[in-house]
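Student: Got chain E; can you put chain Z on it based on the hints?
Single-letter residue listing:
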Amino acid sequence: MAESHDHLSCQEVVELATGYLDGALPADDASLFEQHLNFCEGCVWYVEQIKTTVETLGKVREEDIPSEAKDRLMSAFRDWRGS
Amino acid sequence: MAPAQAHPQSALTAADEADLVARLRAGDERAFEALVDRHYAMMLAVARGYVRTRAIAEEVVQEAWLGVLNGIDRFEGRSSLKTWIMRIVVNIAISRGEREARSIPFSSFASEGDEPAVDPDRFREEGEGFPGHWRAYPGNWASLPDDALLGRETLEVIKTAIEDLPPAQRVVITMRDVAGCSPEEVCGALDVSDGNQRVLLHRARSHVRGALERHLDG
Numbered sequence: 001m002a003e004s005h006d007h008l009s010c011q012e013v014v015e016l017a018t019g020y021l022d023g024a025l026p027a028d029d030a031s032l033f034e035q036h037l038n039f040c041e042g043c044v045w046y047v048e049q050i051k052t053t054v055e056t057l058g059k060v061r062e063e064d065i066p067s068e069a070k071d072r073l074m075s076a077f078r079d080w081r082g083s
Numbered sequence: 084m085a086p087a088q089a090h091p092q093s094a095l096t097a098a099d100e101a102d103l104v105a106r107l108r109a110g111d112e113r114a115f116e117a118l119v120d121r122h123y124a125m126m127l128a129v130a131r132g133y134v135r136t137r138a139i140a141e142e143v144v145q146e147a148w149l150g151v152l153n154g155i156d157r158f159e160g161r162s163s164l165k166t167w168i169m170r171i172v173v174n175i176a177i178s179r180g181e182r183e184a185r186s187i188p189f190s191s192f193a194s195e196g197d198e199p200a201v202d203p204d205r206f207r208e209e210g211e212g213f214p215g216h217w218r219a220y221p222g223n224w225a226s227l228p229d230d231a232l233l234g235r236e237t238l239e240v241i242k243t244a245i246e247d248l249p250p251a252q253r254v255v256i257t258m259r260d261v262a263g264c265s266p267e268e269v270c271g272a273l274d275v276s277d278g279n280q281r282v283l284l285h286r287a288r289s290h291v292r293g294a295l296e297r298h299l300d301g
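These protein sequences, in sequence, are chains E and Z. Anchor point for the first sequence: position 67 equals 67 in our numbering, and the numbering is continuous, going up by one each time. Just remember that our numbering sits 83 ahead of the position in the second sequence, which is counted from 1.
Just chain E, same shape as in the assembly (with noise of 0.2 Å):
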C-alpha cells in the first residue's frame, strides 16, 4: 500500500488503520503510519473514531435466545443423553 513513498497520505492512513490496529502491518508500513500520526491531528481524530466505533460495537448486547427455541434445545440434550 505504500509503495515506494517516504510518507503516507490521509487518504492511506484511513485504509491501514484497521491492520495497524491487529498488529498486523508489516514493520516500514507501521512506523510511517505512526510517523503520520505524529504531525496529523485529522488522522489521530480518525483512528480514535474507528477505537470507539470498535468500543461501541462492544456494547451492543447480543440477543438472547428465544425461550422456545432454548426449552427444544433442552429436551434435545436430554433425549441425546438418553440415548
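No lab work stands behind these hints: they were computed from the structure. Bear in mind the structure is a predicted one, so any value in this text is a computation, not a measurement. Check the hints yourself; a few may be wrong.
Stated by the list, open to error - Chain Z is faced by these chain E residues, among others (derived, beta-carbon under 10 Å):
#1 Thr18
#2 Asp28
#3 Ser31
#4 Glu34
#5 Leu57
#6 Lys70
Claimed, not checked - In silico EDC-like pairs for lysine to aspartate or glutamate, Cα to Cα no more than 20 Å straight-line:
#7 E/Lys51 - Z/Asp229
#8 E/Lys59 - Z/Glu236
#9 E/Lys51 - E/Glu41
Note that CB positions come from ideal geometry on N, CA and C, so glycine has one too.
Tutor: For chain Z alone, coordinates are given in the frame of chain E:
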C-alpha cells in the same frame, strides 16, 4: 489495543474449556445450558451470513447443536471449542443453503463491495497541494459528552449499520467486534485467510464509523 479482553464471554481458559467438555460428555445439563447461552447469538449471526432468512438460520443453529452433542466425544481440542462449534454451524449453513439453492456465495467474499473507507471527496486532489490529505479533519469524539456515544439511539444506529452490511462483512464484524473473537477464531470458523477477514473487518468498521459520524456530527 486488545479488544478481545473487553469481552468476558470470550475469556475461557484451556482448563475451563477442558472442564466444560468433560461435563458435556458426562451429560451435565447446566454445562450445556451455559454453552448455549454463551454461543447462541453468535451462531445465529454466523448462520445468517449464509442463508437468506432468520427462520432458516434458527433451524441451522438447532441442527448445529445436535451436531455438537453428537460430535463432542470426537472433539480433540485442536481448535478452541468455540471455533469448533462455529465450524459446525458454517458447514450446516452451507449445505442447507446449497440444498435450497439459496446460499450466499462466501467464496466471493473479498469482492464484496470495494468502496474506500472514507469518501474520496473528503481528501484534497492532485494539483491542489497536499493531495490525499484531509480537506476538513474528522471530529474529535473525545470532546463529545459521554452519553452521546452510549445512548440507546447510538446503539440503534450501530445495529442498523451492521444490518445494512453485505453478509460476509456482517459476519466478520459481529464475530470480531461484537462477540470479541480473535482473528484466528474467525479464520478457523469461516475458513478464510487472515488477510481476507481483515479486509472484510476493515470495510465493515469503516461503514459503521461512517454511520456513527453522520449520527454524532450530523
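Student: Determine for every hint whether it applies to the structure shown.
Tutor: Quick rundown of the hints versus the structure:
Interface restraint check: E/Thr18 against chain Z, minimum CB-CB distance 4 Å, threshold 10 Å, status holds. Violation of the interface hint for E/Asp28 is found here, the shortest Cβ-Cβ separation to chain Z being roughly 17 Å, above the 10 Å cut-off. The beta carbon of E/Ser31 is not positioned within 10 Å of any beta carbon in chain Z (closest approach about 18 Å), and the interface hint is therefore violated. Given hint, E/Glu34 at the interface with chain Z, is violated; its Cβ is 14 Å from that chain's nearest Cβ, farther than 10 Å.
The interface hint given for E/Leu57 holds, since its Cβ lies 4 Å from the closest Cβ of chain Z, which is under the 10 Å cut-off. For the restraint placing E/Lys70 at the interface with chain Z, the shortest Cβ-Cβ distance is roughly 7 Å, inside the 10 Å limit, so the hint holds. Proximity of E/Lys51 to Z/Asp229 is assessed by CA-CA distance (about 15 Å); at most 20 Å being required, the pair is judged to hold. Pair hint E/Lys59 plus Z/Glu236 holds up; C-alpha atoms about 13 Å apart against a cutoff of 20 Å.
With a C-alpha separation of about 15 Å, the suggested pairing of E/Lys51 with E/Glu41 holds against the 20 Å cut-off.
Comparing the model with each numbered hint stated earlier shows that hints 2, 3, 4 do not hold.
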